[in-house]
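Could you slot chain B onto chain A? The hints should help.
Chain by chain, the residues run as shown.
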Amino acid sequence: MGQGIELAHGLVVIGIGLCVLGGGLSIGWVGSKALEALARQPEEYKNIRTLMIMSAALVEGLAFFAVIIGLIVALK
Amino acid sequence: MRGVLVRLYATAFAFLAFPLLLNASGNDVSDTLFHHILDSDKWEIVPFLPPVPLPLLHIGPFDIQITKHLVMLAIAAMSLAVVYAVAFRRRSLVHKGVSRNVLEFLVSFVRDDLVYPVMGAEEGRRWLPFFSTMFLLILLSNMMGLVPGFSAATSNISVTLGLALIVMGVILFSGVARLGVVGYFKNMMPEGVPVLIGIPIMVIEVFSNIIKGLVLALRLFANMFAGHMAVLAFIMLIFMMGCVFSLVSYPLAVFTSLLDVLIGFIQAMVFVLLSCIFLDMAIHEH
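Just so you know, the sequences run in chain order A and B.
Be aware that the first sequence starts at 1, since it is given in the numbering used here, and climbs by one per residue.
Be aware that the second sequence starts at 77, since it is given in the numbering used here, and climbs by one per residue.
Do not rely on the hints blindly, as some may be mistaken.
Partner residues are not named here, just some residues of chain B that face chain A (Cβ under 7 Å, in silico) [stated by the list, open to error]:
no., residue
1, Arg295
2, Ala298
3, Leu349
Straight line, CA to CA, 27 Å or less: simulated DSSO-like cross-link-like pairs of lysine-lysine [said to hold, decoys possible]:
no., chain 1, residue 1, chain 2, residue 2
4, A, Lys46, B, Lys262
5, B, Lys262, B, Lys288
6, B, Lys288, A, Lys33
A few chain B residues that don't get close to chain A, going by computed Cβ distances all over 12 Å [to be verified]:
no., residue
7, Pro127
8, Ile140
9, Ala150
10, Ser175
11, Val178
12, Val246
13, Leu255
14, Gly259
15, His360
Since the hints were derived computationally from the structure, they do not count as laboratory data.
Since the structure is predicted, the reported quantities are computational estimates derived from the model, not experimental observations.
Ideal Cβ positions, reconstructed from N, Cα and C, are used throughout, including at glycine.
Here chain A stands alone, though its shape is the one from the complex (with noise of 0.2 Å):
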């Protein structure tokens, strides 16, 4: 029984950290798309600015979600 709880909660980490590799991985994304965007277009800081943080914050609060969740998992 110990043994099983403990296998659970490394895959409970496990899957936590997969959450937040994605979350890493599209927030890279996110910025190096608006720096693009911010080369192309300087003139358009402010919408790509807002339009960037706002993405982030999207994509941010998944990976949180997760990192609740495993939370509430692993200190049961």
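Below, chain B alone, put in the same frame as chain A:
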């Protein structure tokens, strides 16, 4: 250079580790970690004095426990009200004073960067008071987590859920008031779609509206919670791994605290920006 470093270490120690030293002795590390982030019915204002117990109110049939985060939220709200009253006591446009300059800077940031670009000037003018109040309250609550003796009310899921419920309520009621009950739900269906496909889409849209609100709350909560937890985790590493580790831990903790300032600002901004976009989607036909 050396003097600056020593001062930095002393400040970091005083701000970050001193209150923890007493608690950490003899306690489990994770207990101490969670004790400092989670809500409690005691308020540790000064580190070495015993914490102030907060009252349990009996109002009618309800027992209401006043908690730390409740006090923090009340302090944030009241200090905002006081700052507003002080700042706009004088109506002069020339001698503005510090508080009014700061407030004008923040409110015009909300106006020019968040509300007007999304909603347009005409519609945005009507909603600016609501959103700027929301922004200032969230920003102040986020920043209070960095002051010793205080804690961030937004690192409590109930507080952020309450804020998100206010926003969702405002969106629902203003959408219904603008478009009517039928129009509000019709707005969710794309134009010219057969009813058999339109109704499932509408159901999905209703659920997505609920999920939007939940995620709005969860994002703010998780960011603040994780930010403070990261600072504490770096400090707790010293207790787990010995004194030498403080050479690594303190700079990291200071860096994370500074990152927390940035994150607190960005999350307040994101909360307001997203609620603006949701409101704009709900009250305009498309």
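Legend entry - Earlier hints that do not hold, by number: Those not satisfied come down to hint 4.
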